[in-house]
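Number of protein chains: 2
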Amino acid sequence: MNRPLHVAIAGATGAVGVEMLKTLERRNFPVASLKLLASARSAGKKMKFRGEELVIEEMTEASFKGVDVALFSAGAGVSKQFRQAVVDAGAVMVDNSSAFRLEDDVPLVVPEVNPEDVKWHKGVIANPNCTTIIMLVAVAPLHRAFGLKRLVASTYQSASGAGAKGMLELLAQTKALLAEAKDMDELAERYRDVLARIDPPKAFGDPIAFNVFPHIDVFQPNGYTKEEMKMVNESRKMLHDPSLRISCTSVRVPSLSSRPRRA
Amino acid sequence: MNRPLHVAIAGATGAVGVEMLKTLERRNFPVASLKLLASARSAGKKMKFRGEELVIEEMTEASFKGVDVALFSAGAGVSKQFRQAVVDAGAVMVDNSSAFRLEDDVPLVVPEVNPEDVKWHKGVIANPNCTTIIMLVAVAPLHRAFGLKRLVASTYQSASGAGAKGMLELLAQTKALLAEAKDMDELAERYRDVLARIDPPKAFGDPIAFNVFPHIDVFQPNGYTKEEMKMVNESRKMLHDPSLRISCTSVRVPSLSSRPRRA
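Those protein sequence lines, which keep their order, are chains G and V. Here the first sequence stands for residues -9 to 253, numbered as in our numbering. Here the second sequence stands for residues -9 to 253, numbered as in our numbering.
In isolation and in its complexed conformation, chain G is listed as follows (with noise of 0.2 angstroms):
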């Protein structure tokens, strides 16, 4: 794989998509040509890709021609949208959505983890929830080393964990609170009217400013929420052992992301 590869990123504006745009740069990854995708509304936008502007392409089906690899983080509707799109133009599209990690026939990756299970790639390879890979890159090697009996994983995830409309959520509570009490008792008291005064929550059912929350993704039949079991059944998958026991609790904080870069 050292020859440099035509790549495109779909959901080029979103707050993962500028990260992998600056990955791309960073590491000086082989890169013949780059791709910037987005909806219409983002198209004819421009970002600088090793100091040269880009114009932002709206993604439709006929994006992915002379693609070698399409980077996809725009949302697990869209990958299943231009799956076949992808696959019938030859290319692999590595997704970071959930559309397709528990499928049988993709391969759920971390290069640190199980680089191994790229090669039987079908068109499509997936990438884990950001808990599991954090939590599997530490786990891993203990599990190849001794073998794991059981897990139990506690998450502290960022507001920035729901994108960038998690971020200005938590920026607008916050100073919404702190324009209108002069202190940690005055801001408790009138903490609910303040927030039911300014723009209701998008990115979160609950409130974010000053407060945490074990609630993050929907509440499956079995009381675990969504993202904590993306957590069990991704780590199943990567580790290979389907009935590994794993317990975990994913709980939102009022916290910025653990390495904070501008955009």
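Watch out, some of these pointers could steer you wrong.
Intra- or inter-copy, both count: the list cannot distinguish identical chains.
Stated by the list, open to error - Listed next, the in silico DSSO-like pairs over lysine-lysine satisfying Cα-Cα at most 30 angstroms (straight line):
| id | residue 1 | residue 2 |
| --- | --- | --- |
| 1 | Lys172 | Lys36 |
| 2 | Lys165 | Lys155 |
| 3 | Lys165 | Lys192 |
| 4 | Lys172 | Lys35 |
Calculated from the structure, these hints are not laboratory results.
Mind docking chain V on chain G? Use the hints.
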């Protein structure tokens, strides 16, 4: 214990002392008299109890004459300093600090968990760390019914766990950051610079605004923090099971206390 009691609050002006006073009031605790004790700095100030203004007195060894129950929340050092005076006065010290929790002749009690242990007190009854209390109220009935094999606990501890100064620090840091950054990217970029220009932190060794850190109290030789080992040792004592396997991860989060009230 139906006769009204002569009660003292040692550390009446602290965040916990204030809550003690309000709890006595809210629960109609049978108080024959209430003495508010604090350091010389607070002596002469006034606090309201049941509509009456009480003058705060400087705590001395003579303060406990005629007192039945002395509720202490003024730090471990103060509890140690006045223990003998309280016992000599024939009062019972109910101590919120960590000073005596693991002493063999001091019962460590949560009423919902091990009320029977108050019976063997010798003048001092301790109550456990906040996280131990919350966990054991849920877990003790399971232990009684089935027996625990192992406990894995992760905490999400608000800034108020460090008292009033913890809340002030969270507020001050958050205000400074929002004053200088228009969005989350800028805030992240300038985080260290902004915090370096305001008062250095007193409550926490790490920045608390928009941050989480797995570091509450000092690290012990075994790699756990003192806060984490409190949960281990206090739970073993209260459940009368010195070999119970417990692992705890204590994390500070930039939240309010779970049920904020006005002081």
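Consistency of the hints with the structure:
1. Within a single copy, Lys172 and Lys36 get their C-alpha atoms only as close as 42 angstroms, which misses the 30 angstroms cut-off; across copies the closest is 22 angstroms, which meets it.
2. Within a single copy, Lys165 and Lys155 get their C-alpha atoms as close as 15 angstroms, and across copies as close as 21 angstroms, so both meet the 30 angstroms cut-off.
3. In this assembly of identical chains, Lys165 and Lys192 lie within 30 angstroms of each other by CA distance both inside one copy and across copies; the values are 17 angstroms within and 24 angstroms between.
4. Within a single copy, Lys172 and Lys35 get their C-alpha atoms only as close as 42 angstroms, which misses the 30 angstroms cut-off; across copies the closest is 22 angstroms, which meets it.
When the structure is compared with the earlier hints, no violation turns up for any of them.
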